[in-house]
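Chain by chain, the residues:
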Amino acid sequence: MKAMINTLASLGLVLVIVGCGTKSTVVLIPDPGGKVGQLAVANQGGQQVLNQANQSVQVTGRQTPPSAVTMLGADEIHATFAEALAAQPLQPTEFVLYFLQDSNELTAESKAVLPQIFQSIQERASTDIVISGHTDKVGENGYNDKLALERAQTTSTILVANGAVPANITVTSHGEGNPLIKTADAVAEPRNRRVEVAIR
Amino acid sequence: MKRLFILCLMMTILLPGLVAGEGSSIGKTKTGKGEVVVIRSGKEIPIAIGDKLYQNDLIRTGADSSVGIIFEDNTILALGSKSEIVIDEYVFAPEKGLFSMLTRMLKGTASYLSGIIGRQSPESVSFQTPDATIGIRGTQFLVKVESR
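Here the protein sequences line up with chains A and B, keeping their order.
Counting from 1, one number per residue, gives the positions in the first sequence under our numbering.
Counting from 1, one number per residue, gives the positions in the second sequence under our numbering.
Do not take every clue at face value.
[To be verified] When the alpha-carbon atoms are kept at most 27 Å apart in a straight line, the in silico DSSO-like pairs for lysine-lysine are as follows:
| # | chain 1 | residue 1 | chain 2 | residue 2 |
| --- | --- | --- | --- | --- |
| 1 | B | 43 | B | 107 |
| 2 | A | 23 | B | 96 |
| 3 | A | 23 | B | 82 |
| 4 | B | 96 | A | 182 |
The set of hints was computed from the structure by calculation and includes no laboratory data.
Only a predicted model underlies this, so the values are computations on that prediction, with no experimental measurement involved.
Start from the sequences, fold in the hints, and give me the full structure.
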């Protein structure tokens with residue numbers, strides 16, 4: 001009798017766990033630039049790979065393999081995700097300024113871009129401007145960290161002189177750790193000697 | 001014994017400072033509607049547009065509510081109503097080559113657009129739901145978690 005109660009109790013427990021389960025739906029969509037990447041949706045039951053726009057997979061519980069991949073229509077996506085999609089912040093406006101080798105002096109071409117940055121800050125009335133300095137992989141990490149910071153600070157000074165509010169600006173150094181063009185160590189790459197200005 | 005006492009005293013003074021020093025902001029809310037709160041160190045804090053978020057924050061939206069966040073690396077996350085998400089780990093230190101973003105969604109709907117962390121170190125990005133783990137290669141996706 002006791003064994004039976006135990007069995008019934010554990011059966012009940014199993015039912016409760018199943019009843020409280022969840023279902024996850026994952027949908028791959030193009031990014032704002034139109035690019036479609038890749039998702040791997042995995043659990044203890046298996047894995048499904050999504051690599052085309054609007055492909056979707058459903059998963060019910062950690063042990064159950066993910067469902068077959070299906071294609072969702074724009075209407076279905078909108079019906080489920082309209083709120084989240086509408087809540088997306090405006091994409092940051094980004095500018096890239098290039099610098100002379102081993103220097104915090106802007107290239108002539110990049111000096112000409114500055115007025116567009118001043119204008120964009122005004123238009124967006126942005127109170128969140130992130131200036132990140134970068135270098136190529138020539139030189140020591142510590143040196144590049146400092147050089148990248150000097151480039152970012154120089155840029156900040158220029159923006160402030162042209163109307164940006166210092167309290168709205170965050171200056172950071174990414175050193176050589178966030179290259180636009182990935183290279184081996186000690187490789188000179190002018191496109192990595194830069195400052196990125198994100199107006200958010 | 002006296003040395004031990006001094007050590008303990010120093011720990012008492014220094015440790016809370018260390019813990020507080022750990023928390024630099026990981027992003028800011030940029031859009032918001034209705035009731036949005038974070039659970040931080042066990043306390044429920046209402047969130048307004050422009051507020052900073054921190055590692056380990058649980059972000060929760062109420063009925064007919066939503067929130068949009070831009071993280072330090074420009075990752076963009078937006079939640080629909082009745083949603084809950086936890087940022088379990090967020091490390092963005094390119095100058096040291098350190099990247100990590102572990103997001104755990106408990107319920108609701110979300111839109112996720114990867115940023116610099118996803119570009120520089122896609123293997124360091126993971127998005128979990130109660131049912132699966134999503135590995136991301138530079139893209140945007142939508143997730144819904146519902147009870148069944």
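- Query: Which hints from the list above does the structure break, by number from lowest to highest?
  - Reply: 2
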